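The listed protein sequences derive, respectively, from chains A and B. Okay, so the first sequence: first residue is 1 according to this note's numbering, each after it adds one. Okay, so the second sequence: first residue is 1 according to this note's numbering, each after it adds one.
One should not assume that every hint holds.
[To be verified] Quick list of simulated restraints, FRET-style, between CB atoms: (1) B/T59 to A/D327: 46 to 56 Å; (2) B/T71 to A/A31: 25 to 35 Å; (3) A/L190 to B/R196: 47 to 57 Å; (4) A/L190 to B/H130: 36 to 46 Å.
[Stated by the list, open to error] Output of the computed footprint for chain B on chain A, the stretches with three or more beta carbons under 8 Å from beta carbons of chain B: (5) 199-207; (6) 215-223.
[What the hints assert, rightly or not] Now the stretches of chain B that chain A is said to cover, found in silico as 3 or more residues with beta-carbon under 8 Å: (7) 25-31; (8) 102-116; (9) 212-219.
Everything labelled a hint here was simulated from the structure, so no lab data went into it. What you are looking at is a predicted structure, and each value in this text was computed from that prediction instead of being measured. Glycine included, every Cβ here is placed at the ideal spot set by N, Cα and C.
Next come the chains, spelled out residue by residue.
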Amino acid sequence: MSDKTAAMAPRSEASLPAGWSARGIPFVQIALLALAAAALVILPFAVTGYVLYIANLLLVFVVLCLGLHLVIGETGQFALAHAAFYGIGIYTSGLAGNAFGWPFPLSMLLAGLIAGAVGVVIGAVALRMRDIYLALATFAFGEAMQWVFLNWDRVTGGPNGLRISPARLGAFEILSDKQAYPVVVVMALLMLVLTIIISRSRLGRAFRAVRESEVAAMAMGVPVRRAKIVAFGLSAFYAGVAGSMFATFSTYIHPDSLGFQTTILVLTMVVVGGLGSIAGAVGGAIAFGLISEVLRQTPSYQEIIYGLILIVFMMYAPRGVFAFIRDRMGRAARG
Amino acid sequence: MADHLLQVHDLTVKFGGLTAVNRFDISVERGTIHALIGPNGAGKSTTFNCISRFYQPTTGTILLDGTDVTTMPASAMARLGVARTFQNLELFGELTVFENVMIGAHVHAGRTWRDALSARPPEVAEHAEHLLERTGLTAYRHTRARNLDFGHQKLLELARALAIRPRLLLLDEPAAGLRNREIAALDALLTDLCRREGITILLVEHVMQLVMAISDRITVLNFGTKIAEGTPEDVRNDPAVIEAYLGQEMAHA
Chain A
1 MSDKTAAMAP
11 RSEASLPAGW
21 SARGIPFVQI
31 ALLALAAAAL
41 VILPFAVTGY
51 VLYIANLLLV
61 FVVLCLGLHL
71 VIGETGQFAL
81 AHAAFYGIGI
91 YTSGLAGNAF
101 GWPFPLSMLL
111 AGLIAGAVGV
121 VIGAVALRMR
131 DIYLALATFA
141 FGEAMQWVFL
151 NWDRVTGGPN
161 GLRISPARLG
171 AFEILSDKQA
181 YPVVVVMALL
191 MLVLTIIISR
201 SRLGRAFRAV
211 RESEVAAMAM
221 GVPVRRAKIV
231 AFGLSAFYAG
241 VAGSMFATFS
251 TYIHPDSLGF
261 QTTILVLTMV
271 VVGGLGSIAG
281 AVGGAIAFGL
291 ISEVLRQTPS
301 YQEIIYGLIL
311 IVFMMYAPRG
321 VFAFIRDRMG
331 RAARG
Chain B
1 MADHLLQVHD
11 LTVKFGGLTA
21 VNRFDISVER
31 GTIHALIGPN
41 GAGKSTTFNC
51 ISRFYQPTTG
61 TILLDGTDVT
71 TMPASAMARL
81 GVARTFQNLE
91 LFGELTVFEN
101 VMIGAHVHAG
111 RTWRDALSAR
121 PPEVAEHAEH
131 LLERTGLTAY
141 RHTRARNLDF
151 GHQKLLELAR
161 ALAIRPRLLL
171 LDEPAAGLRN
181 REIAALDALL
191 TDLCRREGIT
201 ILLVEHVMQL
211 VMAISDRITV
221 LNFGTKIAEG
231 TPEDVRNDPA
241 VIEAYLGQEM
251 AHA
């Protein structure tokens, strides 16, 4: 055991996500969590309906990002069909409400399960490929689904879009963003907790093993192909649930918003937040969601500015904004 | 009759027109250390990868404790108690040392739902800590694997393989690139694993210092064919081996 490595060890410990280690209580994290919880509770009493609409939308993006985090961040599989599963979730829960008047918790579950099932089937085929081929195959599936949304008039309303009747549970109907907000918050928190549980579990370790080395994962008895399909199916499930969350506070959906742009937006959020960390996925969704709302005023520059932000992050903070800040703080603390 | 944990019969591996391994037989006795040696390109690693199920042999059978595993997928071997390491290190680089070993225990970490959902299933985590201690890696528990120096990375691969709780441990050049002092420590560790815990070890190795010191039996391959087999003493004195393999090294030594 050389002195060099002994000196190196504490430094690499500092670069690990704090709060995940068994050493000490992560006071900073607890304080931040309490602050976030307080903000979530106070928000509906403090702001207008439009701001609540944005808040709802951001929370939908949080769930989309958590889903993409599982397949890209944890498992390392570049799947680019997230908007398609999101769309499947929106149409499923919208139609379950419109046609059958199902209570929304049921249509949410259905949306997640159908998106997840389609994800498993697509994953079983697409995950025979890897890297750029996987990205292209899933991209093609996403484009095909958008075509289906646009042309299956009788079900999706085609290019006219689909009116979504208000989500209901018994006699209770969700008629405003304010009424939808508690439902959306609870769902986002449930999905966040689920993500943390998965990430810490044996399944999460198997995902990361696949990301780091497929041959080593195999040698450890991880069924690599199955793990990839499970990750892909889970990520589609998340996107489906996110779609059903959107359907609780939206009255209308058009296929235009379910194309590659949306997939790229979610991908950007996850990358800018920091690949491989749950906090990065959540933070990226919120930060980038806000930026994209601000940029809505200048739609023609929106794409250019996204592109610039992505390039700058790839150059200066490839591991995401949170890792960047943590490294900086760590360096400052060491002097 | 000897008690063989691993029996390979009539193994042939062809890559296109090239025959990498030709009608090769090897039987590894339970509770022994067996080395597979030979000059570069002799087919050692190919044989090794067939046994660990990463390559599919063209013909031949592989029996583990009498069970035919010739068509088993590689990911099924851990559950059967077969662990392996890699010649060119295949660690989970971005993950911590501890998590690497925990993934090694994958097949043992899902016995109950509680275990499967836990970041540290009690019994499994305890065994992982024990393995870190045994390989001298406890101080690096929270270090990312890629930040370890080469010697420690080799030890981590061994610790991770041991987390499978193997009956048969397959080591692909465990001593390659290690310093003399590290090789001596490896020598002691492997001998201990075999003698005290009864783990059967099959290793492919170039470092003769290690092979001659710890092996109960040595098989020598050249051009895909077995040219000698026996105790280190037998092999050392075998004219065919000296000719094919040791000869060159002895001449330089």
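Tell me, which hint numbers fail for this structure? 2, 7, 9
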